[in-house]
Every structure is written in structure tokens, then in C-alpha cells.
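**Q** Sequence:
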Amino acid sequence: MLAASDKSIKSAVEAATGSRHRPGNSFTILKDGEQIFPAMLEDVRRAEHSIEFLSFVFWRSRVASEFATALIDRAKAGVKVRLLVDAVGGASISARTIWELEKAGVQVGWFRPGRWKYLSRFNHRTHRKLLIVDARIGFTGGVGIADEWIQWRETHCRVEGPAVADMHAGFADSWYESVGDRLGPVDPAPKAGNIDVHTTISTAGTRPTQAELLVTAICAAATRRLWISSAYFVPSPDVISMLSAAAVRKVDVRILTNGPKTNHRITRAAGRAFYQSLLDAGVKIYEYQPTLHHSKVMTADNTWATIGSTNIDPRSLVLNDELNVSVSNNKLVDQLDEQFIADLEHSILITPEDWAARSRFDRLAESAASLFAAQL
10 MLAASDKSIK SAVEAATGSR HRPGNSFTIL KDGEQIFPAM LEDVRRAEHS
60 IEFLSFVFWR SRVASEFATA LIDRAKAGVK VRLLVDAVGG ASISARTIWE
110 LEKAGVQVGW FRPGRWKYLS RFNHRTHRKL LIVDARIGFT GGVGIADEWI
160 QWRETHCRVE GPAVADMHAG FADSWYESVG DRLGPVDPAP KAGNIDVHTT
210 ISTAGTRPTQ AELLVTAICA AATRRLWISS AYFVPSPDVI SMLSAAAVRK
260 VDVRILTNGP KTNHRITRAA GRAFYQSLLD AGVKIYEYQP TLHHSKVMTA
310 DNTWATIGST NIDPRSLVLN DELNVSVSNN KLVDQLDEQF IADLEHSILI
360 TPEDWAARSR FDRLAESAAS LFAAQL
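Read in order, the letters of the sequence shown correspond to residues 10 to 385 in my numbering.
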């Protein structure tokens, strides 16, 4: 039976996004590349009918080569393999790898390459991360296909069951625009567990986006706890207002984002420009120290969680295509909350006193970076 707050969040999310939960799934949380990549590769190598693979990042690397080899092997075995890569995020993939994939029968698509017909939408990328095997197993989260994720802190998940049909819809949406091939819906897979899964497919161009609606619903419905991991945290005025309102009504609001070890320094500086308003409202902000923290996770009230590709920044919430899966299961949320607490032990809490004492140089850098916040 769902707790009262969980019913409220579930209802709020369904009402806001207009899509419902799918029951009957198994759901496995995967932490860091050492768990994520082997699990994905194992299912790819066992594929019997189809593989649908969508990634923003597909960088030239050992990991990318390993995935390419597995995809080539399955294509040669007669499996229908579709690989879709964002033309910006995957630009470094080698031409030889693409040639080998296509020679083996892999259908390769590029999302919005630098052509005139995409010029007006070139700033809107697909940031979705999806691997769908035989229409019954789906992976999503924050991982990119590159060696960097062996060192970085990441959260991904494996879903098996009827909800994978909804994840397929996210792939089919991006595939149709890129390739012109309308895949259509797939029949929901047989039940594989007892987890209800909600899929949020967010597409840039219509405001509010589904990602905005998801985040708004969770922030508004949380009554006790709201813990957010966001690799890139650049809160808009609306997000600041939602998080501040939650903190004022005594919700335990904590934000975990990157410290100095980040691959987007201007994004970090722009996000820090908005810390003061959140600190004034009682929001706790932590910066991760050991390495880059790339997870995109929200948990609420010990009963609700969402994992996916969505950061709390304008690029994810407004400019990019994203996809998240959400669950209302105490055991899974406890697992994510335990990981969050463990990450806080390797993070620095930004206190109001420390924030007031930061250098003049930092203040200038933050102010300058904030001018570009709407694009970050």
C-alpha cells in the first residue's frame, strides 16, 4: 500500500504529465560505470530480435569500441540493430567505427546534424540515454558511452517489463525525426516484477516541457524530503521559487552538484550565481569533491524517485529532449537515498558563512557566467 505522500506525488505526476504508471516491472539501480557497462553489454550480447540504442555521448574510447563490437556481432547474427547518436555529443566517434557498424548491418542515425534544415533547431539536442533490447529490457539514466564514466560517479537503471514500451516511444520519437522511419508502438512486454514505472518523455519546443512538469509536480507534492542530485545545476527563477517554497514549508531540501572537478566550468559558475537565494530559504547545497558527479536523480518523502537524463538546468528542462523513469517503491528509494547520503560524505556543505566569504574573483566569474544561464 502506498503512503499518503506517495499517493499525492504519484497523482501529481500523472496529472501534470498526462501519462500513467505501468505496473508489473522489475527495476534495478546501477551505480557507476563498473556496474552499468557490464549490465548493458550483457543484455546487448543476449539480444535475439532487436536493439535500439540512443546516446548523446559516443566518444572515441575503449568502451565505445566494446559496444560497437557487441552491436556488430548481434547485427551479423540477424538482430535488427538501430543506433542513434546526437550529432554534437557523438561527433568524436571514428569514421571507421561507423563504417564497420554499417557494413555489419547496423542502421546508424544522427540526430540533427549540421544541415540547413536543422538550423532553427540545432540548439535543441537529444540528451536522452536509451538502450532497449528485444522490446522488453530498457536502460536509462545519465551514462554516456566513453571511458570517462569508468571514473565518474553515475546512476543508471535497468527496467524489464511493460514499461519498456513507453521507453521505446522515446527512442521512436527521436528515430523518426532523424531517419524518417516511423517505428510505431510495440506491444508491452510480459510482467517481470511488481514495480510501477512512470516514463516521462520530454521534447524541446513546447512550454512547459514534460521535464518541467515532472520537476514541478515532485517539488510541489513533497512534504518531508526532497533530495536532488544534478550534475549541472543552474536553477531558473521558477526552480528557485519551487525549491525555496518547499524549504519554507519545512521540507528537507538538499541539492548535490559538482565541485571543482567538473567538465563544464561555466555551467558550475552560472549555477553558483543563484546559491544565495536558495541558502536564504534554507536549502542545503553540497558540492561533490572526489570526481565528476554525473547523476540525475530526485527522491521525495522516502517513497518516490526519478532517474534519467534530466539535469536541473535550462538546457535539460527547456532546450533538450530528455527521458526519465520514476518509481514509487520504498526499497528502491531507500537504496537511492543511501547512495545520496554516502555521496554527501564526500561533499562539502556550502554554509551561508562560507558563501559570504568567497573571493571577489569567484563573485565576478559567477556574475559573468550567469549572463549565459538560459543556454546552460
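It is worth saying that the hints were derived from the structure and are not from the lab. Hints should not be assumed to be uniformly reliable.
DSS-like cross-link-like pairs, simulated, lysine-lysine; straight-line CA separation at most 30 Å [what the hints assert, rightly or not]:
| no. | residue 1 | residue 2 |
| --- | --- | --- |
| 1 | Lys270 | Lys293 |
| 2 | Lys293 | Lys200 |
| 3 | Lys200 | Lys259 |
| 4 | Lys112 | Lys85 |
| 5 | Lys340 | Lys112 |
| 6 | Lys293 | Lys259 |
| 7 | Lys270 | Lys85 |
| 8 | Lys40 | Lys112 |
| 9 | Lys293 | Lys112 |
| 10 | Lys200 | Lys89 |
| 11 | Lys89 | Lys112 |
| 12 | Lys340 | Lys259 |
| 13 | Lys340 | Lys85 |
Cβ-Cβ distance ranges computed for the label pairs, FRET-style [stated by the list, open to error]:
| no. | residue 1 | residue 2 | range |
| --- | --- | --- | --- |
| 14 | Arg191 | Trp364 | 26 to 32 Å |
| 15 | Val188 | Gln160 | 19 to 25 Å |
| 16 | Thr232 | Arg367 | 16 to 22 Å |
| 17 | Arg372 | Gly193 | 35 to 41 Å |
| 18 | Val188 | Asn311 | 18 to 24 Å |
| 19 | Trp364 | Ala86 | 43 to 49 Å |
| 20 | Ser286 | Arg369 | 47 to 53 Å |
Virtual Cβ for every residue (Gly too), placed ideally from N, Cα, C.
**Q** Now, for every hint given, state plainly whether the structure supports it.
**A** Consistency of the hints with the structure:
1. For the suggested pair Lys270 and Lys293, the alpha carbons sit about 20 Å apart, so the restraint of at most 30 Å is met.
2. At most 30 Å may separate the alpha-carbon atoms for a hinted pair to count; Lys293 and Lys200 exceed this at roughly 40 Å.
3. Distance hint between Lys200 and Lys259 is unfulfilled; the C-alpha atoms sit about 39 Å from each other, more than 30 Å.
4. With a C-alpha separation of about 10 Å, the suggested pairing of Lys112 with Lys85 holds against the 30 Å cut-off.
5. This hinted pair does not check out: Lys340 and Lys112 have alpha carbons roughly 45 Å apart, beyond 30 Å.
6. In summary, the hint linking Lys293 to Lys259 is supported, as the alpha carbons are separated by about 12 Å, within the 30 Å threshold.
7. For the suggested pair Lys270 and Lys85, the alpha carbons sit about 41 Å apart, so the restraint of at most 30 Å is broken.
8. Pair hint Lys40 plus Lys112 does not hold up; C-alpha atoms about 34 Å apart against a cutoff of 30 Å.
9. Note on Lys293 and Lys112: the hinted pairing is violated, with a Cα-Cα distance of about 52 Å set against a maximum of 30 Å.
10. As the CA atoms of Lys200 and Lys89 are separated by approximately 23 Å, the hinted pair is consistent with the 30 Å bound.
11. Between Lys89 and Lys112 the CA atoms are separated by roughly 13 Å; this keeps the pair inside 30 Å, and the hint holds.
12. Pair hint Lys340 plus Lys259 holds up; C-alpha atoms about 24 Å apart against a cutoff of 30 Å.
13. Between Lys340 and Lys85, the direct Cα distance comes to roughly 40 Å. Violation of the 30 Å bound is thereby established for this hinted pair.
14. At about 51 Å, the CB distance of Arg191 to Trp364 disagrees with the hint of 26 to 32 Å.
15. In this structure the supplied range 19 to 25 Å is violated for Val188 paired with Gln160, their Cβ-Cβ distance being about 33 Å.
16. At roughly 33 Å, the beta-carbon separation of Thr232 and Arg367 lies outside the given 16 to 22 Å, and the hint is violated.
17. Checking the proposed 35 to 41 Å range against Arg372 and Gly193 shows it is violated: the Cβ atoms sit about 53 Å from each other.
18. Checked against the hint of 18 to 24 Å, the C-beta distance between Val188 and Asn311 comes to roughly 42 Å, which is inconsistent with it.
19. Checked against the hint of 43 to 49 Å, the pair Trp364 and Ala86 fails, with Cβ atoms roughly 57 Å apart.
20. Checked against the hint of 47 to 53 Å, the pair Ser286 and Arg369 fails, with Cβ atoms roughly 20 Å apart.
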